[in-house]
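> The chain contents come next:
2 protein chains.
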Amino acid sequence: MMLPRTFRVDYDHVTSVVCVVGAGLNVNLNRSAPPGSEFFSVKSTATVQYSISPRPQETSHLSPIPLKGNSALLIHMSRAIVFRYYGEKKDVLGRALLHLTAVDRDGVVEKNNANKGSWKWGSNGHGAILLVNCDSERMFLKKLDSEQDQVSKVSDLKDMSLMVLRTKGPAKLPEGYKLTMHISQGDAESVRVFRARSSGVESNSLQKLLFNLFVKEYPLVLSNEVLSQEVPYLGGVSEMKFYVEGLRFPDKDFDGLISINLSLLEPISDGLPETPIFTDTAVFRVAPWIMTPNTLQPVEVFVCCTSDNYQFLKGMRNLVTKSGYKLKICHEYMNRGDRWMQGPDFGYVTRLAQREDVSSLDSFGNLEVSPPVTFNGKNYPLGRILIGVAFPTATKGRNMTKVVQDFLWAQKVQEPVALFSDWLLVGHIDEFMSFVPAPDRKGFRLLLASPDAGYKLFRGLQRDGHGQAKLFEGLKDEEQQTVDEILNDKGLAAENNYVQSCIDWNRDVLKRELGLDDEDIIDLPILFKLVMEENDNNKAETELRAVAYYPDMVNMIVLGKNLGIPKPFGPKVNGRCALEVEMCSLMEGLGLSCTFIDDFASYHKQLGEVHCGSNVRREPFDFKWWNLEM
Amino acid sequence: MMLPRTFRVDYDHVTSVVCVVGAGLNVNLNRSAPPGSEFFSVKSTATVQYSISPRPQETSHLSPIPLKGNSALLIHMSRAIVFRYYGEKKDVLGRALLHLTAVDRDGVVEKNNANKGSWKWGSNGHGAILLVNCDSERMFLKKLDSEQDQVSKVSDLKDMSLMVLRTKGPAKLPEGYKLTMHISQGDAESVRVFRARSSGVESNSLQKLLFNLFVKEYPLVLSNEVLSQEVPYLGGVSEMKFYVEGLRFPDKDFDGLISINLSLLEPISDGLPETPIFTDTAVFRVAPWIMTPNTLQPVEVFVCCTSDNYQFLKGMRNLVTKSGYKLKICHEYMNRGDRWMQGPDFGYVTRLAQREDVSSLDSFGNLEVSPPVTFNGKNYPLGRILIGVAFPTATKGRNMTKVVQDFLWAQKVQEPVALFSDWLLVGHIDEFMSFVPAPDRKGFRLLLASPDAGYKLFRGLQRDGHGQAKLFEGLKDEEQQTVDEILNDKGLAAENNYVQSCIDWNRDVLKRELGLDDEDIIDLPILFKLVMEENDNNKAETELRAVAYYPDMVNMIVLGKNLGIPKPFGPKVNGRCALEVEMCSLMEGLGLSCTFIDDFASYHKQLGEVHCGSNVRREPFDFKWWNLEM
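Quick mapping for you: the protein sequence lines, in order, are chains E and V.
Residue 1452 is where the first sequence starts when you use my numbering, and the numbers rise one by one after that.
Residue 1452 is where the second sequence starts when you use my numbering, and the numbers rise one by one after that.
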């Protein structure tokens, strides 16, 4: 309920007042009474609702009522009211209904909404939502839509939220009164408001063709430069459309909430600022940045075409076509010469590191997301973001830069889990883990690279008489290795011991933070080796770090039930690669089909694999983020 | 419950392991089994607790159990365990109990606390608290204790929180194992940890005398420069004391929570980093910055001695002595020539404005706090902070700088309310409002300056034949004004109309945000006048702003039931100032005694009054901030 506004009367004058429907007036009778007044009476037309506080004992207000220190007249929405201190007169002229209403979560602009001034998470929550306009409607000279302060295309309006100002009142406001829309200085960094000049403009196709005219049809109302601006009062019963544009995602210093206010200003006298006599507020929450896990259905697959990745492209095309999805090939010149496709493709957000501390851990590939999980009674229906960092105990080490970590934590809806990935040369968590869909249990399995599982497989081959089977057979320029040679390499065994410890540490964190059991995890037979990392800045600080010994099968692309797996070139038994056979047997039980893609020369030798070299746009979650219980 | 740690076994070797009590081990039997293994059995000493997953059908674990893909052995804290895959052997050597525990809210360091790793608000909440060490223990060359990275005095330890590391384990850790304390990079900006070298040091008075030795007794463990450091393992049953020092209050980019971690590191092999096998965490919340309202009992009153405030000092000394409190007089040279004493006195916090947008609204006097209130079912047992800003609808205007506003909002426990004070020349909310204690209702009254109440009083004087009574009588250099002259000044009436509108707008906000009724508010008869504000930067932007017409009685000092009120020098009736009489009559009903203090020349003429020229240290709230329900 809106509290009534304090309203002053002066017994010397007849005063006019504009009264906003729903917002009553509270007249302090004592403060303004002539000195020595002891009684007062009230007279009004029949359409007026009013009450007297404290409630007088007499039933008729026409008889004199004792004037007390706290005597007050409460006027509830009225057409005309007359009351007197010994003969003075007061009129209430006109009335106005003002509602600022945003499109609600369900896409409906309600007539009015008691909750629009606040925002609440959950299925019983309420409040409007706002997208960050981080794509670009332009075909040429591309820059983010949020970086230009004009509406350039009708399609751009679809990235904004509709807000409607409904008025119902006199044909015009009394002299000096005006409507003002305003935002706080803090919110102005995160939002921009445009106005539709008239509601019929969309149907005028001639105007649409004329860009300049078009821009004029959507004038900028509020921005970082203009925190407050008068908006026209159309009069009678009318609606005015506004388009609200989000400019930034939630971040460490921005909780995502934005308030847009509309005030009716009353003039006091020439040269003095007007005072607001009524304010209506609509609250929006900016949609968080959300990642999509492997268990969601793919829509499009993106890969990069380079001078040397013909084999890889051929394999990917087969897999994607077979799976029934679209493959989009980006030419390297469009991708700034970068073959690593793990980056958002349309709609993107950048964080500038404050210091020059950007490392390989700041790449995508080190930023993944789990399928939906439940842990300790807490639901994560959108999964949890997974990032790789240095050990918390490390006195030195590489980390994902702080501004990116802060950004990820600020999104809230996919609360991040920090894993330990600094033991890897490239340092990406997708080098030792992935998720695949499963028909049972939690709907997925966590796949972990496991040197122990690798050694077990190689020992089995040796025991069964395949000690002379060769790794890397058929690859030119690559030294072949027998199973016996691998098992006899004590140094390699120690290195893999260390790698297994590092992965096990992550395994425990994942079990704890995602609520997984051992049955939810599958160990993949993958060996690693340690290489000396060169530290360009400090030669003394070189460290041993891990890379996959053969193509890292866990670094796969997941397209529904079809997996695109780096071809491991393992030892052959009866003409079939023992690693592929093991991989297929582990995945078959889940109804998944394995396609092995040769990325050896083009990606593996450059320390990446299939997953690093591709990107998948997936169907969004059915679950709506605002339904999360926070 | 702590999840067991993944532990690897190798069937070729006998391995040692350090097992932390409470943290079990999970041995994946299949992954490490010799190839082709189909059964396993377990043998252990009687003191060992273990279980097999999935649970075998046989009751005796000595008989061979089928080895499945997910077979696991769970070892719960043990002295020695032996198990075999066809004859191999594994020992568990030694055990350690490690607890990192902070002093809890009740001041007790519990033996261990299941909740210490999290923090929860409310009377049923839990979690340790931490002070910001924002005072200075030094007598000379003062700087904040938080700005020096050493413990300089025993008394400094009282500003820190005690944290205890309890260990119970073997006399020494096996070769290569070590204990490390660590914090995240983000937390390191907000906290520092010192260690007490030995627990008996406090009693060694000789060492206390030797500053250098003393510093060495409290070595710095963690800081912004050192995020991770080894701490000694004392062995046996031992306790080690740590002192945790808060460096900053909650702010826009800091929620106040800090985690301090202790990890036991296991060596892998030479040249490779150790991996943490057990981590214990204590979570602290930094105490917010809290203001004390007028309704709390005073302890000390601070005023400044200047060359021209003898009259004021005399009045204050009378009042304070009569009230039974201590008056502390600061000489102007200590106060940087500033007679305005509204600023924290010991323990202080500064915010640097990012742009050169500091205005008069950034002074204390524009930052007040309400008594405890309840509104719409929400309790504010510590009251709400009140600040003055420009109208939200203003297209220009002065504001409290954003970094200060952000800081105030981040404290959370006294959620701020923004009032409109930019209509005043000085722009401080204490120019139109104050709170006094009351025996009834909500325990206080809100006092508001009211030109309407002032005009009512003056009209009454005129009606009763005192139209020729004079304002400012007895003040030299001040032009006297009669009641008739004041009432005949139409311009002054219009100006006061405007001022009353501005105060009424604030009245409505205060009623709404503090849940007040009209009965909780008392209007004081105070007139204002508008003067032209000079804008040094832009002469064209000069604006009319308000100053009190006579000493602003609402700008008072509240010492329990005694009020120190600016002497208004109002028109006299029968030898008594009519304004003082009215003020006394309004306050008497609340059991409050009024002392009028002459601040005319020294403060009023410089646009401030008693409240601006003094400061009061009050008893803290009985209510503990961590008991707030958030």
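Hints listed in this document are in silico derivations from the structure and should not be mistaken for laboratory results.
Check each hint, because a few of them may be wrong.
Treat identical chains as interchangeable: a pair holds within one or across any two.
[Unchecked claim] Here are the simulated DSS-like pairs of lysine-lysine, each with C-alpha atoms no more than 25 angstroms apart in a straight line: (1) Lys-1773 / Lys-1863; (2) Lys-1609 / Lys-1765; (3) Lys-1519 / Lys-1893; (4) Lys-1629 / Lys-1779; (5) Lys-1629 / Lys-1765; (6) Lys-1765 / Lys-1692; (7) Lys-1779 / Lys-1619; (8) Lys-1571 / Lys-1829; (9) Lys-1777 / Lys-1571; (10) Lys-2012 / Lys-1829; (11) Lys-1777 / Lys-1703.
> If a hint holds in the structure, say so; if it doesn't, say that too.
To see whether the hints hold, each was checked on the structure:
no.	hint	result
1	Lys-1773 / Lys-1863	neither (37 angstroms within a copy, 56 angstroms between copies)
2	Lys-1609 / Lys-1765	neither (37 angstroms within a copy, 70 angstroms between copies)
3	Lys-1519 / Lys-1893	between (70 angstroms within a copy, 20 angstroms between copies)
4	Lys-1629 / Lys-1779	neither (54 angstroms within a copy, 52 angstroms between copies)
5	Lys-1629 / Lys-1765	neither (66 angstroms within a copy, 52 angstroms between copies)
6	Lys-1765 / Lys-1692	neither (51 angstroms within a copy, 64 angstroms between copies)
7	Lys-1779 / Lys-1619	neither (52 angstroms within a copy, 61 angstroms between copies)
8	Lys-1571 / Lys-1829	both (18 angstroms within a copy, 16 angstroms between copies)
9	Lys-1777 / Lys-1571	neither (39 angstroms within a copy, 49 angstroms between copies)
10	Lys-2012 / Lys-1829	neither (28 angstroms within a copy, 52 angstroms between copies)
11	Lys-1777 / Lys-1703	neither (37 angstroms within a copy, 45 angstroms between copies)
Checked against the numbered hints listed earlier, the structure breaks hints 1, 2, 4, 5, 6, 7, 9, 10 and 11; every other hint is satisfied.
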